[in-house]
Amino acid sequence: MTRAAIGLGANVGDAHGTLERAIRALERLGRVAARSSFYRTAPWGVTDQPEFVNAAVLLDTELQPFELLAALKELEREFDRVETYRWGPREIDLDILTYGKLELRDPELTIPHARLFERAFALAPLAEIDPAFAGAYAALPARERDGVQRIPAETARTKAAVDWDVALQRVRSAAEFCASAGLTRFKLEEEGLAVEVRRRARPVPAFVLRPDVEPGLPANGAPAPTNGSVAREEEKATVLKAEFVGIVRFSRPTVSQGAHVAEDRELAYVESLGIRNPIRSGGPGRVTRVFVIDGQSVEYGQPLFAIES
Amino acid sequence: MFKKLLIANRGEIAMRVNRAAHELNIETVAIFSEADRASLHVRNADESFCVGPGPVARSYLNIPNIISAALISGADAIHPGYGFLAENARFAEICADHGLVFVGPTPSVIARMGDKATAKAIMRDAKVPTTPGTDILSSVGEALTAAQALGYPVMLKATAGGGGKGMRAVQTPAELEHAFATAQAEAEANFKDGRLYMEKLIDRPRHVEVQIVGDGFGNVVHVGERDCSVQKPSHQKLVEEAPAPELRESTRRKLHDVAVSAARAVAYSSVGTLEFLVGGDDVYFMEMNTRIQVEHPVTEMIYGVDLVREQIRVAAGEKLSFRQKDLVPRGHAIECRINAEEGSHNFAPAAGTLVDVNLPGGFGVRVDSHAYGGLAVPPFYDSLLAKIVTHGDTRLEAIDRMSAALRDTRIGGVNTTIGVCSLIMADDVFRHGGVSIDYLPNFSAAAASRS
Chain A
14 MTRAAIGLGA NVGDAHGTLE RAIRALERLG RVAARSSFYR TAPWGVTDQP EFVNAAVLLD
74 TELQPFELLA ALKELEREFD RVETYRWGPR EIDLDILTYG KLELRDPELT IPHARLFERA
134 FALAPLAEID PAFAGAYAAL PARERDGVQR IPAETARTKA AVDWDVALQR VRSAAEFCAS
194 AGLTRFKLEE EGLAVEVRRR ARPVPAFVLR PDVEPGLPAN GAPAPTNGSV AREEEKATVL
254 KAEFVGIVRF SRPTVSQGAH VAEDRELAYV ESLGIRNPIR SGGPGRVTRV FVIDGQSVEY
314 GQPLFAIES
Chain B
485 MFKKLLIANR GEIAMRVNRA AHELNIETVA IFSEADRASL HVRNADESFC VGPGPVARSY
545 LNIPNIISAA LISGADAIHP GYGFLAENAR FAEICADHGL VFVGPTPSVI ARMGDKATAK
605 AIMRDAKVPT TPGTDILSSV GEALTAAQAL GYPVMLKATA GGGGKGMRAV QTPAELEHAF
665 ATAQAEAEAN FKDGRLYMEK LIDRPRHVEV QIVGDGFGNV VHVGERDCSV QKPSHQKLVE
725 EAPAPELRES TRRKLHDVAV SAARAVAYSS VGTLEFLVGG DDVYFMEMNT RIQVEHPVTE
785 MIYGVDLVRE QIRVAAGEKL SFRQKDLVPR GHAIECRINA EEGSHNFAPA AGTLVDVNLP
845 GGFGVRVDSH AYGGLAVPPF YDSLLAKIVT HGDTRLEAID RMSAALRDTR IGGVNTTIGV
905 CSLIMADDVF RHGGVSIDYL PNFSAAAASR S
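Chains A and B are the protein sequences, given in the same order. Going by our numbering, the first sequence opens with residue 14, and the numbers climb by one from there. Going by our numbering, the second sequence opens with residue 485, and the numbers climb by one from there.
Chain A on its own, in the form it takes in the complex (with noise of 0.2 Å):
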């Protein structure tokens, strides 16, 4: 029996209910023995997105770490096929923050998670769970601890009672009315429920949706996406390798995903033996895809940064 914690994420439809479910659905993968409060977290990168829900639960399993890795893909398949927005992003998201004492470095499975220790999204929730994280969780900087705000019980609860089917009707309806009025925006309150929607002019590509997909790796380890969005992403864009063993640090400004950047500007360096090697972008470009976070250790040929031309 190991005490594994798992970060839940939602961001579409009922975020709140789909959390809800989901943390039943763990029950049958151990026993839960803590969940935090919910999160919110203001949307990354592109803001017409809805705020993502963030929660943590501490689960005793049986599972090994790939068993449970498995189980919790196989939860997020069954998730995405109730949902009705077929094309849309994934439903809910699962992810193995820590497993015991394991420390784990698998191409398939990084163990604590990767960014854990990058993420107030996961780390809020989890120290609130697991005061071991506490510290780590204050030592993330104010402006990331900002964007997440923990969800008040009592919102939650009115929240979850609020009758989701009639809700989700309504907002059906309200869509198909902006949409035939050509509208882009349409807000309606009543009865403690405030409904907004917004009409996005294109679809959002995916991986903007999925910041804990593995570098190099099909998004969730899902067979090679179909809608390929990220895949094609990769056939236009010229992935930045490393070169060295060492610790990558992005050089000021910080690019984000989605930035522009000019002719040879140095992206971030590898750190090695005390040596900075610049890591530069080559023809200008816009960065598609960011694969390391800042202070990471990175191997030879490790995917730093994606630059389309």
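Keep in mind that the hints were calculated from the coordinates and are not lab data. Treat the hints with care, since some could be wrong.
Unchecked claim - Calculated pairs, BS3-like style, for lysine-lysine (alpha carbon to alpha carbon, straight line, at most 27 Å):
1) B:604 - A:114
2) B:738 - B:600
3) B:716 - B:600
4) B:487 - B:600
5) B:488 - A:114
6) B:676 - B:604
With the hints as your guide, set chain B onto chain A.
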């Protein structure tokens, strides 16, 4: 004891070191090239770092990336295995500069033993017999006098020589004048340096080596000898055994004694091997290997000691865990190297993807291997796939056990040395024991002419 050990090697020896470290509760860090991503040594380690592309110069010899991986992972020591950086004194120094313990002897011992002339001088000072020979010979007359003193047969060698060029075996004084002229001309033509020297020719010698272990407290013991006379023409060993068969007890004792005194002479503090040529009852020092050797398991099997574990313990500053009188050999052990290559004729290397891999096991059988079905054997590295080692109460029992184990062994997808090893186990000359280093070349030639 160390907390975390980076293993700067690949294949079976990386797995061997990984196991020894885990038994000592040391965490391990593997390094690998892009060609070895799917290798078992990567899987078995606690952490791993890709350090470069397939070619060794950019990966397994990439000192900056290897040191950086050690520092990032928080390793406190580096084990070099054999080959690659194992006898690189500069690498041992760089490790020390970065506060990392190099699991091996000190850089100065590696450097002195790595230079053959220096090593021989040290050995002469330590009263270790080396191949008798001369300095540069200025004339045929001088050569005739020297040959008379050494005793025929003798070998003329070019100082700048290599690859057999400028070398002449001379049996009688009558041959010497002509041989001197042709060897000089050949050396002049090939190396623009016609200077010659002479060594006593040891007729059909055996290759016998002595395992020694020393610690940092001045304790040095020998762990017996190994016979590695079954070699390819390139001197690559194919079959090794311990103890050396058909060796007079006085010769065996002489080997052990000179090895220990040689190791003491350089205050040796790790595992190491002194290689000797043995002709009759005469022993001549050839060279010292300042690392763990491929064939170390045959010694472990008969002495019941873990040499890699001892090497790590000694590097961490601990005392040897045994004394000379604790070391008593039991029975006989044989090792066959299973390489990915054509076994019958010219030993040309082969590469490919392994299929249908079945390694033997059971009583008295040990296998050190990184092979598995589906493994793509990269073209960049040593062709060793597996070491099969058997132990028996007697030499013939170990040989018969090896024959049976080889019959159980299947490695498909590449040509291997399984077949030639089986033939050797069944060969009367080998079974009698005490073959010299010309055994395998002659055996291969005979096998080729039969087929």
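Structure-based check of all given hints:
1. Only pairs whose Cα atoms come within 27 Å are accepted, and residue 604 (chain B) paired with residue 114 (chain A) is rejected, the gap being roughly 53 Å.
2. Taking the CA atoms of residue 738 (chain B) and residue 600 (chain B), the gap is near 22 Å; set against the 27 Å cutoff, the hint holds.
3. Restraint check for residue 716 (chain B) and residue 600 (chain B): satisfied, since their Cα atoms lie roughly 22 Å apart, inside the 27 Å limit.
4. In summary, the hint linking residue 487 (chain B) to residue 600 (chain B) is not supported, as the alpha carbons are separated by about 36 Å, beyond the 27 Å threshold.
5. Restraint check for residue 488 (chain B) and residue 114 (chain A): the C-alpha separation of about 16 Å stays at or below 27 Å, so the hint holds.
6. For the given pair, residue 676 (chain B) sits about 26 Å from residue 604 (chain B) by alpha-carbon distance, which is consistent with the 27 Å threshold.
Hints 1 and 4 from the earlier list are contradicted by this structure; the remaining hints agree with it.
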